[in-house]
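Colleague: Going down the list, the protein sequences come from chains A and B. The letter at position 144 of the first sequence is residue 144 when you use our numbering, and the numbering goes up by one with no holes. The letter at position 71 of the second sequence is residue 71 when you use our numbering, and the numbering goes up by one with no holes.
Source of the hints: derived by calculation from the structure; they are not laboratory data. Quick caveat: nothing in here was measured; it's all calculated off a predicted structure. Be aware that one or more of the hints could be misleading.
[Said to hold, decoys possible] Computed cross-link-like contacts, DSBU-like style, restricted to lysine-lysine with a CA-CA straight-line distance of at most 35 angstroms: (1) A:K156 x A:K179; (2) A:K179 x B:K155; (3) B:K155 x A:K13; (4) A:K124 x B:K45; (5) A:K124 x A:K179; (6) B:K155 x A:K156; (7) A:K13 x A:K179; (8) A:K124 x A:K156; (9) B:K45 x B:K22; (10) A:K13 x B:K22.
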Amino acid sequence: MMLASETPSLPWKADVVAARRGDRSAFESLVRSVQRQVYGLCLRLLSSEAEAAEVAQETFLRAYQNLGRYDEERPFDIWVLAIARNLCLDLLRRRTKMRTQDVDEMREVLPSSGANQEEGAIAKQEHRSLEAAMSILSAEDREVLALYYVQRRTTKEIAQIIGVAPGTIMARLFRAREKLRRHMTAAEEVQ
Amino acid sequence: MSENLCPELETLVLGVAGGDEKLQAHARSCPSCAAALEEHRQLEKDLFRLVDPLPPPDFTRMVMARVAAAPAPLGREVKAGGGILVVSLALFVGFLVRGGTTWAGAGVGFARALLELRTVAVALGNGLTALWSTAAIPLVAISFLVLATTLFGLKRLAGSTQSA
């Protein structure tokens, strides 16, 4: 039986080592451990379920092919999320126009932990307004909000994923939140 | 503190979050700043209630199918290639050390193959010359077609690799 003090501080390390030796089940275990975060980030950045699934799959394929370059002392989820983010931004750059149909689909799809039956229709409506306002923001704003509030990542982790100085994250978060607040206020005034 | 001295909203929000006592005191005494802070707090509360969606049910299966179809990671290929090279070199050195008679026979065989190859090349050249003098146009047309098809195929292959 493993004691608490013996609990590995790098839980992904054994699977990474095994996957490097060609153990596909170890890699599958790594995929399962981070697939929700990866798909969630892709969906928030791309606003399309089909594209998010495709890019998330591509992310894991790239991760598998580049496992040799991965430093297992670094968190595996941070490394994979950085790959996903880069692939999403590449796709967004290639896009010529935003497909509003997909944005509407996303608003229906993205869940909320608070929008349960007890809270009812008002909470659901508030949740939809929030998602709708978020979908209007730029990809840079969406990613920082998604990583901090949805995935509950620290500013240091976010800085590692998006490749900026940790000290800039709080300011980015404030600006994104302020834009979101303005969008929501404007939407409420229209209604 | 007068309302005219209200800080920028960004300074206020980040300062209060960072524990700036002066800004915290201002927020307590200024109703408009307190209201702005409260709005941000409420928005943060709502944002923290969002969760990541679940990926499609067959997501893991699709990923593993793509992994299975993908070429082996470069690191493993390089290691395998290095292993094969080392074994081949060891065998070569072993044969070299073992004796000269085997190698003498191999050398003669190789020289003979080279001579025969020369004869084959000359015959092939003669054949092509004869073909050119009798059917130059069809030969050019077929060569062009083969070249164009090959280039198109390579272009498609490169495109699909980039998009993958």
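Colleague: Determine for every hint whether it applies to the structure shown.
Modeller: Evaluated hints:
1. A:K156 x A:K179: Judged against 35 angstroms, a Cα distance of about 23 angstroms means the pair holds.
2. A:K179 x B:K155: 45 angstroms, violated
3. B:K155 x A:K13: 40 angstroms, violated
4. A:K124 x B:K45: 15 angstroms, holds
5. A:K124 x A:K179: Distance ~21 angstroms between K124 of chain A and K179 of chain A Cα, so the pair holds.
6. B:K155 x A:K156: 43 angstroms, violated
7. A:K13 x A:K179: 40 angstroms, violated
8. A:K124 x A:K156: 32 angstroms, holds
9. B:K45 x B:K22: 25 angstroms, holds
10. A:K13 x B:K22: Distance ~46 angstroms between K13 of chain A and K22 of chain B Cα, so the pair is violated.
The earlier numbered hints that this structure contradicts are 2, 3, 6, 7 and 10.
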